[in-house]
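Number of protein chains: 2
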Amino acid sequence: MFIDRLMGKVKKLENPTVMGLDPKLEYIPLSIRKKNLELYGNNFKAASESILEFNKRLIDAVSDIIPAIKPQLAYYEMYGTEGLRAFEETVKYGRQKGLLVIADGKRNDIGSTSEAYSRSYLGEALLEDSETKAVYDVDALTVNGYLGIDGIKPMIEDCIKFRKGIFVLVKTSNPSSVQLQDMAVEDGRKVYEVMADLVMDWGSNIIGECGYSSVGAVVGATWPQQLKELRERMPNICFLVPGYGAQGGGAEDVAGAFDKNGLGAIVNASRSLMCAYKSKKWEDKFSEEEFDIACREEAIDMRNKLQNV
Amino acid sequence: MFIDRLMGKVKKLENPTVMGLDPKLEYIPLSIRKKNLELYGNNFKAASESILEFNKRLIDAVSDIIPAIKPQLAYYEMYGTEGLRAFEETVKYGRQKGLLVIADGKRNDIGSTSEAYSRSYLGEALLEDSETKAVYDVDALTVNGYLGIDGIKPMIEDCIKFRKGIFVLVKTSNPSSVQLQDMAVEDGRKVYEVMADLVMDWGSNIIGECGYSSVGAVVGATWPQQLKELRERMPNICFLVPGYGAQGGGAEDVAGAFDKNGLGAIVNASRSLMCAYKSKKWEDKFSEEEFDIACREEAIDMRNKLQNV
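Sequence lines, in order, name chains A and B.
Sequential numbering of the first sequence, starting at 6, is according to the working numbering.
Sequential numbering of the second sequence, starting at 6, is according to the working numbering.
Hints in this document: simulated from the structure, not taken from any laboratory.
A hint or two may mislead.
Put simply, identical chains are the same to the list, so a pair is met inside one copy or across any two.
Claimed, not checked - Below, computed lysine-lysine pairings styled on DSSO-like, alpha-carbon distance capped at 27 Å:
no., residue 1, residue 2
1, 138, 50
2, 39, 310
3, 61, 138
4, 17, 39
Next up, chain A with everything else stripped away, as it sits in the complex (with noise of 0.2 Å):
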């Protein structure tokens, strides 16, 4: 089962921290743009090039010290189908190395349709003659849940037949998630509280031998007290948060997240470990081509803060 692949992976690092995959190309290094410029152009394949050749060495970097990347589809988006390629070539490098890759894609939409995001990054893609074929075969994705069951279920069913997992999004890191997320609803609830509580309904039927559920939660690090009690609302459910790092969240902010056992969460942090060679930190000490020698650095640094908390 996912979960169980996910908090083994987990224990044995003593690390939760995943790697997301947000690849701006302000990020990249000069010297693999320029030479991506000259060799394609100035267009969507160059760009798409530069970001499979930067999240390849950030993934050689960590890939024997975190246990999981999380690359954001939008940004692969944005260059179209070269852009899509180098995001099906970095789920592939993550899965041979040995990581588990969680697609960002916050994808929602009724029964009907949420089955074919679900064939596409859960399961498999209808053929001729009823045969199916896996499309990006991640490991999890990440679900809007504001449709309610619906469009959930089908993921759900892939998750169970593919041994998958989805995180649904209940607290977001950013600001304005309190204009609709921290509205108090009769019962007096938060609304993220009544998506917390469809969400525990929602992974009641996929529990893993760890205790924890395939179907999972979206919570940032930017609020550490509902982290806090999230934990305690939601005892099965794995957290994905976000928001460590650049958005301002750090190890003290997503300790509530944690059963007692140091299980239960994962932690994303995408900028600070990206772009960790141009932080005041490291950047007298690594040059932009050892890139990756600082994103390692930055994991070691955060792993072991995240251990300390």
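Add chain B to chain A, keeping to what the hints say.
Just chain B now, kept in the frame of chain A:
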């Protein structure tokens, strides 16, 4: 401005119909599928070629009588980069034929990532040396507002800059939309009404000469009473109304979505148009090979029904 282009076309054609292009393989006539199976083998390329050929003939059949098409991204994503190429070509072909194209992606994320989605569909992708280039270049995109304004803002900025539109999910057509969207909040509003009020606010700075905003709302045809109430509540907001036809909504159900001039809403039908040739109504009159003529006949029927409510 997007909304003026859209309302202008609806007025000129006296037709608010949007053809949804959600192409499942089983919808496509065997003659097309067999040809591509022989040409390319049983793979994503063959499926994507079949989808593209099907779409083009459907577009040819109705481009003089309907204002817009709405390809549903999930069905293209399912065939990987080949599928996305079929999406790209469908968009191009539709726009060549004078149709407005609404990409149904229900995208959503925090601000920086939402900007990347916006660049993918509404704006332009960043290349080297601050150059930019349009990617899919559709006219409008559907969006999920669960994250609040942070994720919507970059899209609105691109709507202004590139004369595009978005439609934010308010009350979706599926049965389980009640689970979250119909919860009452403390002040008595339903969650979908909270979202409706947010959309009113978000759309207030981008209102066209027609009186409607380029920020629209998705409200399902399956909720006639809510359509009527939301029409009152959101006087400047144009509705994209899915769920007509195969999902159960009829012309009377969507009547409340329109203003007294018959504007302010567009009504999407997918399966009932794409698969008209398979319906009881048309299957005796048209062969599989005449699927496009059946689609046109059904589109004319739908237009006439919508004109008479």
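Hints, verified against the model:
In this assembly of identical chains, the alpha carbons of residue 138 and residue 50 lie at most 27 Å apart whether taken from the same copy (26 Å) or from different copies (12 Å). Proximity of residue 39 to residue 310 under the C-alpha cut-off of 27 Å is found in neither arrangement, the shortest distances being 36 Å within a copy and 58 Å between copies. In this assembly of identical chains, residue 61 and residue 138 lie within 27 Å of each other by CA distance both inside one copy and across copies; the values are 25 Å within and 26 Å between. Taking the shortest alpha-carbon separations for residue 17 and residue 39, neither the intra-copy value of 39 Å nor the inter-copy value of 50 Å comes in at or below 27 Å.
Hints 2 and 4 from the list above are not met by this structure, while the remaining hints are.
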